[in-house]
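Asks: Chain residues, written in single-letter form:
Number of protein chains: 2
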Amino acid sequence: MEGTPANEQIASPRRAPSQQRSRERVERMLAAASALITEQGSDAMRMGEVAERAGVSIGSLYQFFPDKRAIIWALAERYTAESQACISAALANVGDAEGLRRAFSDLVDIYYGLFLAEPVMRDIWSGTQADKALRQLELADSRANAEFLVAVLKRLRPGADPVALETTAFLVWQMGEAAVRLAISVERQEGDRLVAAYKCMALRELLSE
Amino acid sequence: MEGTPANEQIASPRRAPSQQRSRERVERMLAAASALITEQGSDAMRMGEVAERAGVSIGSLYQFFPDKRAIIWALAERYTAESQACISAALANVGDAEGLRRAFSDLVDIYYGLFLAEPVMRDIWSGTQADKALRQLELADSRANAEFLVAVLKRLRPGADPVALETTAFLVWQMGEAAVRLAISVERQEGDRLVAAYKCMALRELLSE
DNA sequence: TCAAAACATGAGTAATCCTCACATTTGCAA
DNA sequence: TTGCAAATGTGAGGATTACTCATGTTTTGA
Numbered sequence: 001m002e003g004t005p006a007n008e009q010i011a012s013p014r015r016a017p018s019q020q021r022s023r024e025r026v027e028r029m030l031a032a033a034s035a036l037i038t039e040q041g042s043d044a045m046r047m048g049e050v051a052e053r054a055g056v057s058i059g060s061l062y063q064f065f066p067d068k069r070a071i072i073w074a075l076a077e078r079y080t081a082e083s084q085a086c087i088s089a090a091l092a093n094v095g096d097a098e099g100l101r102r103a104f105s106d107l108v109d110i111y112y113g114l115f116l117a118e119p120v121m122r123d124i125w126s127g128t129q130a131d132k133a134l135r136q137l138e139l140a141d142s143r144a145n146a147e148f149l150v151a152v153l154k155r156l157r158p159g160a161d162p163v164a165l166e167t168t169a170f171l172v173w174q175m176g177e178a179a180v181r182l183a184i185s186v187e188r189q190e191g192d193r194l195v196a197a198y199k200c201m202a203l204r205e206l207l208s209e
Numbered sequence: 001m002e003g004t005p006a007n008e009q010i011a012s013p014r015r016a017p018s019q020q021r022s023r024e025r026v027e028r029m030l031a032a033a034s035a036l037i038t039e040q041g042s043d044a045m046r047m048g049e050v051a052e053r054a055g056v057s058i059g060s061l062y063q064f065f066p067d068k069r070a071i072i073w074a075l076a077e078r079y080t081a082e083s084q085a086c087i088s089a090a091l092a093n094v095g096d097a098e099g100l101r102r103a104f105s106d107l108v109d110i111y112y113g114l115f116l117a118e119p120v121m122r123d124i125w126s127g128t129q130a131d132k133a134l135r136q137l138e139l140a141d142s143r144a145n146a147e148f149l150v151a152v153l154k155r156l157r158p159g160a161d162p163v164a165l166e167t168t169a170f171l172v173w174q175m176g177e178a179a180v181r182l183a184i185s186v187e188r189q190e191g192d193r194l195v196a197a198y199k200c201m202a203l204r205e206l207l208s209e
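Protein chains in written order, with my numbering: chain A, 1 to 209; chain B, 1 to 209.
Rather than coming from a laboratory, the hints here were simulated on the basis of the structure.
Yeah, the Cβ is synthetic: ideal placement off N, Cα and C, and Gly gets one too.
Among the hints, erroneous ones may be present.
For lysine to aspartate or glutamate, the following DMTMM-like pairs were computed, each having C-alpha atoms within a straight-line distance of at most 20 Å [said to hold, decoys possible]:
(1) K132(B) - E177(A)
(2) K132(A) - E118(B)
(3) K132(B) - E166(A)
(4) K132(A) - D106(B)
(5) K132(A) - E39(B)
(6) K199(B) - E166(A)
Okay, the calculated beta carbon distance ranges per label pair [what the hints assert, rightly or not]:
(7) L207(A) - A97(B): 45 to 53 Å
(8) A160(B) - G55(A): 57 to 65 Å
(9) C86(B) - E27(A): 14 to 22 Å
(10) L139(A) - C86(B): 26 to 34 Å
(11) Y62(B) - V186(A): 27 to 35 Å
(12) A16(B) - A16(A): 18 to 26 Å
(13) G95(B) - V186(A): 51 to 59 Å
(14) D96(A) - R143(B): 35 to 43 Å
(15) D109(B) - S185(A): 21 to 29 Å
(16) G113(B) - G55(A): 51 to 59 Å
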């Protein structure tokens, strides 16, 4: 009868915690979810277990998160907000080619390190492709980050075609995320080589032309 | 007395159809699964529905496929086998830089076209990141395809470091898959631009150095 | 010819997401 | 303080769905 027509769009908002008590409980729910994802992966994370570990009832959980994906979404949003600030800061003051080279290289290292160190992030973003809503969040995030790159490129190459710059920046950024995801899913040593090769390839694209 | 304490890791084999009758039924099951994935996506595909549409009982379905992922895996294997042959043929006779440029460009176009035209493939591979077993299949496939590239590169640059060539080829190949997946998840026009930009970037990497 | 192996069936099991009717707590105006 | 509406909390149970198994039917091969 009810199709759940595969086209689930985005998580609908349910209720925002307005009192101190509920705000703390929501924090506990997120912490519990994060811990469980770290231990078992988001797929194996059970809503009942999240509630139990947070010390709340299953009903309370659903009071603030309309469904399972909404919790994962909430965690993902935190990470993106955090990293966005970091990226913006790193690229803001780039003035020449050498500066871009250094800033970009650092950024990739930071990103790679983050994925290596943060199981939750790794897990969430590796499921990203399968989830329409998360995929959209990632794309939007990627576009926003690419904009910072575009700004730098425009400064370095004032005469270039803006559309081409947008395309290049977006592609390079997405390739970077793909490269890091690839790198963490193989042996550490090969991963390091792949990331280094990506850097080289991306910088050649960004600095030439 | 049912022990079978075997390690169940990946999709365990259940039973291979040995009679004509069952072979035809398995074909129908795969066809039904493929159709349902096309219509609704692999996530929304229900095992009961697959059985019904194939005109078999749910029990028969599980006779030949140990679980839901096994059907998807089986479909994925068909596509990879097909494309592997295609790639091997395209790269086998490349003898110079210009030949590589043309062959690689064609290959990317074919791959892009395949993803645009084949909803099942698109769906299966977009879920790939989330499924460990499928991810492994994809990585193995990617490595195999990269090998063809490595062979070409070794011919063009006999003196180069083999490990570096492996790394480059594997990275370029994975970037290509990521680029195509990105391209099909945005507007067609932007997708075309991204694929073109990828080609340019990849060829620069493959031909220089 | 006939027993064993392969194949087929579908009601039933277990696991899990999520709802809902009702209980409790909090903020705040009278 | 008191009263009450809104916010919050609860957990048994509804609904869905992947998967099992006891049992029946068809094919094979000696």
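Asks: Please write out, lowest number first, the hints stated earlier that are contradicted by the structure.
Replies: 3, 4, 7, 9, 12 and 13
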